[in-house]
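**Student:** Chain by chain, the residues:
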Amino acid sequence: MQEPGMQNLKCPKCPGVMRTYERSGVRIEQCDTCRGIFLDFGELEALTRMEGQFSPPTPPPPPPAPHAPYPQQAPYPPQPAPGWGAPAHGGYHQGHRRGGFGRLFYSS
Amino acid sequence: MSNESPPPDGLAPIESSAEGLAELGKRFTGRAGAVLRPLRTGPPSVSRDAAEVYAVEQIVLKVHWPGTDPGALAARMRLACDPLLHGVLLAPLHPEPLPLAGRWVTVWPLARTLPTGGGPLDVPWPAAAQLLAELHNHRVPRPEDLPECSQRERIERAVTDLVRTVRESEDGVPTGQVGTVLAAWDRIRREPPGPFRALCHGDWHFGQMVQHLRPPPDPPCSQNPQRSQNPQGPQNPQSWRLIDIDDLGWGDPTWDLGRAAAFHVLGVVPEQSWHLLTRTYREAGGPALPDDDLWRHLEQGARAHVVHCAARALTRHTLVGSQPDDLDRELLRACERMLID
Numbered sequence: 001m002q003e004p005g006m007q008n009l010k011c012p013k014c015p016g017v018m019r020t021y022e023r024s025g026v027r028i029e030q031c032d033t034c035r036g037i038f039l040d041f042g043e044l045e046a047l048t049r050m051e052g053q054f055s056p057p058t059p060p061p062p063p064p065a066p067h068a069p070y071p072q073q074a075p076y077p078p079q080p081a082p083g084w085g086a087p088a089h090g091g092y093h094q095g096h097r098r099g100g101f102g103r104l105f106y107s108s
Numbered sequence: 001m002s003n004e005s006p007p008p009d010g011l012a013p014i015e016s017s018a019e020g021l022a023e024l025g026k027r028f029t030g031r032a033g034a035v036l037r038p039l040r041t042g043p044p045s046v047s048r049d050a051a052e053v054y055a056v057e058q059i060v061l062k063v064h065w066p067g068t069d070p071g072a073l074a075a076r077m078r079l080a081c082d083p084l085l086h087g088v089l090l091a092p093l094h095p096e097p098l099p100l101a102g103r104w105v106t107v108w109p110l111a112r113t114l115p116t117g118g119g120p121l122d123v124p125w126p127a128a129a130q131l132l133a134e135l136h137n138h139r140v141p142r143p144e145d146l147p148e149c150s151q152r153e154r155i156e157r158a159v160t161d162l163v164r165t166v167r168e169s170e171d172g173v174p175t176g177q178v179g180t181v182l183a184a185w186d187r188i189r190r191e192p193p194g195p196f197r198a199l200c201h202g203d204w205h206f207g208q209m210v211q212h213l214r215p216p217p218d219p220p221c222s223q224n225p226q227r228s229q230n231p232q233g234p235q236n237p238q239s240w241r242l243i244d245i246d247d248l249g250w251g252d253p254t255w256d257l258g259r260a261a262a263f264h265v266l267g268v269v270p271e272q273s274w275h276l277l278t279r280t281y282r283e284a285g286g287p288a289l290p291d292d293d294l295w296r297h298l299e300q301g302a303r304a305h306v307v308h309c310a311a312r313a314l315t316r317h318t319l320v321g322s323q324p325d326d327l328d329r330e331l332l333r334a335c336e337r338m339l340i341d
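From first to last, the protein sequence lines are chains A and B.
As numbered in the numbering used here, residues 1 to 108 make up the first sequence, in order.
As numbered in the numbering used here, residues 1 to 341 make up the second sequence, in order.
These aren't lab readings, by the way, just hints derived from the structure by calculation.
As the structure is a prediction and not an experimental result, all values here were calculated from the model.
Cβ atoms here follow ideal geometry from the backbone N, Cα and C, with glycine treated the same way.
Among these hints, one or two may not hold up.
Claimed, not checked - To be clear about the criterion: a stretch of chain B counts as covered by chain A if any three or more of its residues have a C-beta under 8 Å from a C-beta of chain A, and this derived list gives those stretches:
1) 96-109
2) 124-134
3) 140-152
4) 262-273
5) 324-334
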């Protein structure tokens, strides 16, 4: 569903063309090449205002700590887990998050 | 599909034609007047386009979500009918989707799901690994005829639902950090896809694993169902099948392991379970993990699942006014950390 006025709008990041799509009632401007999304005026500010109303400020991220998710007897060498993982758990040490495992039983 | 919690009021209405479903129930059970029971695993879906699933005696009627592409669904049903996949996918009782009141319905045998209250030591990790490895190794004669696995579309829908829900929120108070989730997804979608292509499930989790209640009937599309005489029991990896073909198709097999990988990174899946999953998958020849560098292969899919779960959690809290739990907050923090180079 392309909006006539958007036909010639160039993507600011690549040579692609921005196209307007309506999906489930939401209008999205998306580059047909790099797939980047353009937010309309005010949307970013609205999203920014939403920040912080949900959870307390988070501590600064830890450095991507070296972490071995495998036991020593693993046949594979220990692997550093991704740096965005849970620092307090480091992938899993003792016990597991209470209630969290149920998330592996349904489609979110 | 055997969990039978009734949907709470207002969240999972029976939208499909009850009369039409009853008629289908009569057609496939041979009995009129059988009770139609809504089936659900997990909390009520916050997806605006969720499927509805009902049991009538020993059969299951799945009313697929309204945006279902009928051609893709028919192609996926053909895969579910492929005798070479009968050891992997639950075979339907009728080979084609049936139209009903503007929706598409598929017919399945009622099967036993895992109890949802268990922990990571109570689930069959080796069976999960073997099913996924076998699915991923299925030799598809003409991949060009397969639908794309809708791995990315599922997350797109979750993000779109989140944005729309927040916009429509009467309070003007979304549950926060929406921009972080959008940015984390935008980063993933700009990345090149992984190098592996295979037949993928697209939405694997333990709710998608079932066992037959009794030795399976010969499906109408079956010639020689494999494994059908194997003994039941959670310890027998060969007794399990995958259900839910809505996303099945040609895609990136590393993303099928992404949900478990994400929850391992977040501290939910313990080390020994993770090790069991990945070791068994590799020993079964699963193509998503061709070498020791597991996180190089799994990291993108794990991030994608974190974003998906975070988007759905935010949508749920915005819709019902609930508060995020510890894991929800950790999902959101993980999205924040993904944005730090």
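**Student:** Would you list, in rising numerical order, the hints stated earlier that this structure does not obey?
**Tutor:** The structure breaks hints 1, 2, 3; every other hint is satisfied.
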